[in-house]
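Novice: Starting from the given sequences, assemble the full structure and let the hints guide the process.
Sequential numbering from 1150 applies to the sequence shown in this note's numbering.
Hints were generated in silico from the structure; no laboratory data involved. Values in this document were obtained by computation on a predicted structure and should not be read as measured data. Every residue gets a Cβ at the ideal spot worked out from N, C-alpha and C, and that includes glycine.
Just the calculated beta-carbon pair ranges, DEER-fashion:
{"no.": "1", "residue 1": "C1200", "residue 2": "Q1228", "range": "29 to 37 Å"}
{"no.": "2", "residue 1": "A1165", "residue 2": "D1206", "range": "13 to 21 Å"}
{"no.": "3", "residue 1": "G1198", "residue 2": "E1224", "range": "26 to 34 Å"}
{"no.": "4", "residue 1": "A1165", "residue 2": "E1197", "range": "15 to 23 Å"}
{"no.": "5", "residue 1": "K1201", "residue 2": "E1224", "range": "28 to 36 Å"}
{"no.": "6", "residue 1": "K1201", "residue 2": "K1221", "range": "30 to 38 Å"}
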Amino acid sequence: MLILVAYDISSPKRLAAVSKHCENYGIRVQYSVFECRMEADIFERFWEGLCKRINPDEDRAVAYRICLQCSKKIETAGQMVTSENVIAYVF
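Specialist: Written out as structure tokens, the structure is:
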């Protein structure tokens, strides 16, 4: 499943923690946006870990689940790194 994750974190310390957490699961496509390909059980673990790193009163994180058919219709302009360009993930 393709998941687009975006966040707005107010604290530099929490921002670094959230960014590092997301880097473990996906590819950064914008400063605070990640494209992740993972199964539902992995997503649940990822999301739980992300929620532990934010302050819900000050920060915001959102994850959009994109179905396989819709992911084939994604359009981009210009150069950017996407999970399509990744040869292998190392966990």
